[in-house]
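**Q** For chain C, the structure is supplied; the task is to place chains X and A on it using the hints.
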Amino acid sequence: MVSRRIIYLILTLVILIPLLRPFKLKPLPMKPVENLFYYINNMPKDKALLISVDYSPDTEAELHPMTIALLKHAFYKRIKVGVLTLTLLGLGLAEDALRTVVKEFNERAKTREDSIIYGRDYVFLGWQTPPLVPLLGMGESITKVFPVDYYGNRTDTLPLLQQIKNYRDVGIVVSISGSAIPMWYVTYAQTTFGVKVGAGFTAVSAADYYPYLNSGQLTGLLAGMRGGAEYEELVEKHFGKTKRRKATEAMSSQTTAHIMIIILIIIGNIIYFKQRRRK
Amino acid sequence: MKVRFPLILCLLMGIIGMVAYYIPHRIVQNFDNELRNTALRIIFAFSLVLGVGSIIRHHWEKIKRKREFWEYSYVTLISLFLTAFIGLFGGIDGKGLIKMQIGKFSFDIHTIYVNMAIPLGATMFSLLAYFMASAAYRAFRARNFEAILLLIAAFIVMLASVPPVARLIPKLPYISEWILDVPNTAAKRGMLFGITLGVLSTSLKILLGIERGWLGGK
Amino acid sequence: MFLFFLFTFVIEPPKNVKAFDNPNDGGNKILITWEISPSDSILDGYEILRRSEKEECFYKIGFVGQGRNSFLDEKTEDKINYYYQVASVKDTIKVLSAISNPAQSYPQWFHRGKLIILLTFFVFGFLILYFIKRARKIELFIRRIAGLSAVEEAVGRATEMGKPVLFVPGLTGMSDVATIAALNILSEVAKKIAQYDVKLIVPNNDPIVYTVAREIVKEAYTSVGRPDAFNPDSVFYLTDSQFAYAAGVDGIMVREKPATNFFCGYFYAESLILAETGAQTGAIQIAATDSITQLPFFIVACDYTLIGEELYAASAYLSKEPILLGSLKGQDYGKLLIIIALILLSVSSLIFNFIIK
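Residue numbers (the working numbering), protein chains in the order written: chain C, 314 to 592; chain X, 4 to 221; chain A, 153 to 509.
Just to be clear, a hint being listed does not mean it is correct.
[Claimed, not checked] The following label-pair restraints were derived from C-beta to C-beta distances:
no.	chain 1	residue 1	chain 2	residue 2	range
1	C	588	X	86	45 to 53 Å
2	C	587	X	149	17 to 25 Å
3	X	21	C	329	53 to 61 Å
Derived by calculation from the structure, the hints in this document are not laboratory data.
It should be emphasised that the depicted structure is a prediction, and the values quoted were computed from it without experimental measurement.
Glycine included, each C-beta is placed from N, C-alpha and C at the ideal position.
Isolated chain C (complex conformation) (with noise of 0.2 Å):
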């Protein structure tokens, strides 16, 4: 009981410190991320990125940074982008995620050009449910499902949803859950459509889905926290530095929570040997 309070206690302090304190990290970016973020480089312009915000405050932390890093990159590759959420929750975290994104390039532009404008080059269609009907309902049609807008806009009057129509015009669609929505679009949409899915993943629970990796069924991956750091490394490798990145400051602190967890198993398996030695 007591060696499982001062490990609580020591956890919280390696955590804490770093990321009040982060230092400097340079992550190196794996094939998983170094696919979806090639992928979506390479898009044909007449394609867009679609993201849907598939998680909810629980795992904000781990997930967040990865649709700020997939925004950023979309608006700096000027990729038209809509966004949509399979969970109610997903609501106001894809609106933050937005938001932040938006505000920092549009402080940056000089003209309307450079701007990034609503209904132009992003929407956000919000949520539908039950799931089932935005996943094969977009293939369709992407107004007929959203008739309305997040902000109540009809969808039919915004210009960048009269190019984009279904998931025809999507050259990818990037779910990023703690759950397994991401599987959803693998089984719906791309089996029904053929739309190129990549995915966004919990740490806990991305090693699930590495045979769907394998197969080809995702085109990419971003696996917790170090794949969000690492597709952040790679916009700015390509388009320079960007305001925050939250992910990267963020993995401070996990690697100082790796290493003592690395050091616990240790200090566990050398008391077991004294213990084993004694008896």
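**A** Okay, now just chains X and A, sitting in the frame of chain C:
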């Protein structure tokens, strides 16, 4: 009849689901869609009423009989009714039936979501870090050969997630990816075969009325 | 002007435009394919034009980017002839292809692409049903599953200690077979609990699962002849929010200190939060899940863990009903078939890659 009717209904629904999977004709698809979307939504809505009824009954009983920790039931019931009230009258963004604003502060679902759901959810999720540390400390012991293999694999995967180490030993992330891609995926696929057959067998047994555990084993 | 004439000269139309009914659908769709234009690299894309047998001229129905060689026309009327033309487009210049063959859309009554799945279903289904039938006549051997053998002991422990048994039926809805398997286990566990007269707690995450679980427990008490002992308050709905549910169940564990915890069904990231709290309260813990990612957490924190397919075997094992045990034998033969197919296909692939190539 009490047993036979659910069994027949289950068989019928199972057959419809299966038929709709293989027959793309719009007559079949429209019928299936109607069942899946409209009917399921109605069933869910009714079951939600039962669910909320269950919460109220469970906690009301606790308060009435003054069972252990009955005081907490007040917290649940008050939270439930308060959220429902704010949702019904304050709406999602404060533009509900009644204007529920004090100065700049608005009583609406969005406020509850941002100020309560987000921090509470994140707190529960972050507990995982503590539990992982204590579980790793307690259970990761090199007891036998298999455990040593597991330990080595875990060390590689964890160290590969540490950027300075990954930059120091550039091969490490690739070994880590290999572990995740090859042995991990192979083992998972093996298990998936077993699971899929289990799912198939359970579904068949339920459809044919051989497995009746869900009916209370009648 | 010069550029206009130059492009008109350079741009070539796509060739071999073919139209046919889109296979395996409910009708109203015609698939148009073509060979991409030799001048594809400088094009903006291809415009697709259509004329039905009732119309006199071609109308634009769609546009696809360069490099694409197909278009699905999803707005056709069934059993009417349609003709198509595809134009190579560069700015305002359009160079039209020859007119396609006439094509009609019509709905299909069978999805041919799913034939192999149907055949596999019949093979495995036959194996399972065959062994179920055989099991009525002969006794089948089933290997010991430690976690299930411990159920009796776990319920007995709760009786001795006078503490409750907690059963968590996973976090997915009734449409997930893992939940149904979990409820099948609940049925058997509830029967044992009813015999020993132990308190049972079943918090639910899904309102539909809650209603089914309640009926199952009620029936279990009735089937062992103790309907009066059933407490309707033992099965209740908690919340459908993942971590709020985890918090709720953790609270129950800390307050009620159950002697035994069952975690059966499909779980997500909350698995360790539940199992580690249970371990800290000193309960005997039995987990059963087909959620592969969460298995390591249960293995670390629980006393017994049923892995993957064992979840589906559990109700057969616990009820000891011969026909249910037969299905397990069928599953084993199904696995044997898969293993043989895997070995044969892997060997033939190796031979093809290393020797023939």
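**Q** All hints are to be evaluated individually against the structure, with a verdict given for each.
**A** These are the hints, each one checked on the structure:
no.	hint	in the structure
1	C:588 - X:86: 45 to 53 Å	51 Å, holds
2	C:587 - X:149: 17 to 25 Å	22 Å, holds
3	X:21 - C:329: 53 to 61 Å	54 Å, holds
Every hint from the earlier list agrees with this structure, and none is contradicted.
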